[in-house]
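2 protein chains.
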Amino acid sequence: MSTENLSLGNIYQAKKRITPYIRRTPLVESQDLKTITDANVHLKLENLQVTGSFKIRGASNKISNLSAEDKERGVIAVSSGNHGRAVSYIASLVGVNSTICVAKTVPDNKCQAIRALGAELVIVGENADEAMVYADKLQMERGMTMVHPFDDLEIIAGQGTIGLELIEDFPEIDTVIVPLSGGGLMSGVAFSVKSIMPSVHIVGVSMERGPAMVASLKAGRVVNIIEEPTLANALAGGLNKDNKYTLPMVKQYVDETVLVSEKEIAEALWFCLNKHHIVVEGGAVVGVAALLSKKVNRLGKNIAIVLSGSNIPMVVLKKIINERELAK
Amino acid sequence: MSTENLSLGNIYQAKKRITPYIRRTPLVESQDLKTITDANVHLKLENLQVTGSFKIRGASNKISNLSAEDKERGVIAVSSGNHGRAVSYIASLVGVNSTICVAKTVPDNKCQAIRALGAELVIVGENADEAMVYADKLQMERGMTMVHPFDDLEIIAGQGTIGLELIEDFPEIDTVIVPLSGGGLMSGVAFSVKSIMPSVHIVGVSMERGPAMVASLKAGRVVNIIEEPTLANALAGGLNKDNKYTLPMVKQYVDETVLVSEKEIAEALWFCLNKHHIVVEGGAVVGVAALLSKKVNRLGKNIAIVLSGSNIPMVVLKKIINERELAK
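Top line first, the protein sequences correspond to chains Y and L. Here the first sequence stands for residues 1 to 328, numbered as in this note's numbering. Here the second sequence stands for residues 1 to 328, numbered as in this note's numbering.
Be aware that one or more of the hints could be misleading.
Which copy? The list can't say, so a pair holds if one copy fits it or any two copies do.
[Stated by the list, open to error] Result set (DSS-like, lysine-lysine): computed pairs, CA atoms no more than 27 angstroms apart in a straight line: (1) Lys294 <-> Lys218; (2) Lys218 <-> Lys241; (3) Lys104 <-> Lys275; (4) Lys110 <-> Lys34; (5) Lys104 <-> Lys241; (6) Lys275 <-> Lys301; (7) Lys244 <-> Lys319; (8) Lys275 <-> Lys318; (9) Lys294 <-> Lys16; (10) Lys295 <-> Lys104; (11) Lys263 <-> Lys137; (12) Lys263 <-> Lys318; (13) Lys241 <-> Lys319; (14) Lys301 <-> Lys34; (15) Lys319 <-> Lys263; (16) Lys110 <-> Lys318; (17) Lys16 <-> Lys319; (18) Lys241 <-> Lys137; (19) Lys275 <-> Lys319.
Please keep in mind that the hints were generated in silico from the structure rather than gathered at the bench. Computed from a predicted structure; not experimentally measured.
Using the sequences and the hints given, assemble the complete structure.
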């Protein structure tokens, strides 16, 4: 059972450990969302986080805490996105070799971004699953530490530090809305918030196109879903089949889940850009999409929404802008 | 002489006074600018400030400090932009009536934005000068307090709080780059930084199209310039002809001025969007433009650039994006 494995003390330990590496991101009020919802709505700007997403919190908690021997042998991860960037960045910073495995289908600019942060990039396999098989093999051969993107208690504890910051900055909080994918961010934030304030209503939001965690919650076990193209690509991908932590934690701590459509995600991206002059990625804006589409069943009067990252391709942003009628 | 009228103590008083109303904006490192300049470059994100620009600092210092009688009679300002928004917002918040005068030429969406924040909007005159004449008349008639956009010691002290935050967050600082227009922001930041660390090199940046302060510094007196359309429209407009504070303060405290072209401003807007996923307005990005164009004569190793606001029209942002070749 998950609560036996993780304590609020672990979140505070993570906070202390990662403080030198992360930004204390601001929590800003949204007047526009206040008008729409008749509630105080605050946005947690993890889009301003180091490497452009919250992923650095978990990665730095995991990697900075390795033993000297493990540091010597290096770390490995599979991710072409925010997790890959975060691992590559923090490993370089603390002097640990990192290897990031990505499939051959990953675009060149993403590969370059990860390499630029310091990792050895291994391009292998026709898809993410094949890259994972190779990474497992490499990990065994070289004795490296696998840095899982979500199903790891140190990763979860790192992401959970966001929950502490929310409560510190906004102690009246009664509702927290968080993007939901593999469940590392969701488990960490829900655990830390509920441990301190059990009455806070926790909402997880996924996209309609391939919501692996929501499908697994429904089935009561890990189920495979078909990956579809989505604006919220950072939330795409399945759970690991031997999931240990995030499925039970999300089941225990999350009160409500919401699914949003591609159109609702696009509207929310435009809302953040036009009303707040904030650039976020599709996967980061699903909480705003849930609010704008009025899909959250139970809304309190003091709401925090986690905007989890900013790494949107400029072509996508261009499309979002060009689809609008603009005032001169 | 300016230093006789303003003390570092006034800046600290302003800091205390405005803390309930403003955001302590983050100072974030730019890896990309570090690579380009071979120096530590930090960006002060006043684009994330309440009402979208630094202007709220001066306005809240001025308005919250009025006597009960002056509060009763209300405040007046002339501005269709960031200053107008800030005055309208803070006046509503502290329960003071505000009147904002704008010329008939001001677009409807800007008028709506100011009204939405709570001010009475008076649309009068064919241009800003005529609106100003009317505002002066109204001020006399109604006994309201004029909130000048820059040439006022309480406004300057409010903007100067940015200097304190820069030094608190980045005590190694040796170079500060600030947008330069009427000189309220520049005077405040330069005064507070130089008062604490006299050796810091202070750079003011204006646009080539209508740099009133730079022309006035050269002439040794206030000179009129012809207003031209510019991406940095927040920096447009002349000095007041009876300038008391900002011209002498900029003369005394600013070590270097730089002018940037429209093309350089557009490049800097794109740089902030593409590399940092940050939306700023043209007038706010001139410091980055000065760095990217290598026009600053003396650059230290620990540089802070003030990004002063985010209120860019979406049509302008659209143009900036559509002019680029984007990777898929």
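Comparing the hints with the structure gives:
Within a single copy, Lys294 and Lys218 get their C-alpha atoms as close as 22 angstroms, which meets the 27 angstroms cut-off; across copies the closest is 58 angstroms, which misses it. Taking the closest pair of Cα atoms, Lys218 and Lys241 come within 27 angstroms of each other only inside a single copy of the chain (15 angstroms); across copies the shortest separation is 71 angstroms, beyond that limit. In this assembly of identical chains, Lys104 and Lys275 lie within 27 angstroms of each other by CA distance solely across copies; the values are 25 angstroms between and 38 angstroms within a copy. In this assembly of identical chains, the alpha carbons of Lys110 and Lys34 lie at most 27 angstroms apart only when taken from different copies (21 angstroms versus 36 angstroms within one copy).
Taking the shortest alpha-carbon separations for Lys104 and Lys241, only the intra-copy value of 23 angstroms comes in at or below 27 angstroms, while the best inter-copy value is 65 angstroms. For the identical chains of this complex, Lys275 and Lys301 are intra-copy neighbours only, at 21 angstroms inside a copy versus 36 angstroms across copies, given an alpha-carbon limit of 27 angstroms. Proximity of Lys244 and Lys319 under a CA criterion of 27 angstroms is satisfied in neither setting, with 39 angstroms inside one chain copy and 48 angstroms between copies. Taking the shortest Cα distances, Lys275 and Lys318 sit within 27 angstroms of each other both inside one copy (17 angstroms) and across copies (15 angstroms).
In this homomeric assembly, Lys294 and Lys16 never come within 27 angstroms of each other (Cα to Cα): the closest approach is 37 angstroms inside a single copy and 39 angstroms across copies. With identical chains, the CA atoms of Lys295 and Lys104 are never at most 27 angstroms apart, being 38 angstroms at best within one copy and 42 angstroms at best between copies. In this assembly of identical chains, the alpha carbons of Lys263 and Lys137 never lie at most 27 angstroms apart, being 40 angstroms within a copy and 51 angstroms across copies at closest. For the identical chains of this complex, Lys263 and Lys318 are neighbours both inside a copy (16 angstroms) and across copies (20 angstroms), given an alpha-carbon limit of 27 angstroms.
Within a single copy, Lys241 and Lys319 get their C-alpha atoms no closer than 36 angstroms, and across copies no closer than 46 angstroms, so neither meets the 27 angstroms cut-off. Only within a single protomer do Lys301 and Lys34 lie at most 27 angstroms apart by alpha-carbon distance; the minimum there is 9 angstroms, versus 43 angstroms between protomers. Taking the shortest Cα distances, Lys319 and Lys263 sit within 27 angstroms of each other both inside one copy (13 angstroms) and across copies (23 angstroms). Taking the closest pair of Cα atoms, Lys110 and Lys318 come within 27 angstroms of each other both inside a single copy (18 angstroms) and across two copies (24 angstroms).
Within a single copy, Lys16 and Lys319 get their C-alpha atoms no closer than 41 angstroms, and across copies no closer than 44 angstroms, so neither meets the 27 angstroms cut-off. Taking the closest pair of Cα atoms, Lys241 and Lys137 come within 27 angstroms of each other only inside a single copy of the chain (18 angstroms); across copies the shortest separation is 75 angstroms, beyond that limit. Both within a single protomer and between protomers do Lys275 and Lys319 lie at most 27 angstroms apart by alpha-carbon distance, with minima of 17 angstroms and 18 angstroms respectively.
In this structure, the earlier hints numbered 7, 9, 10, 11, 13 and 17 are contradicted, and the remaining ones agree with it.
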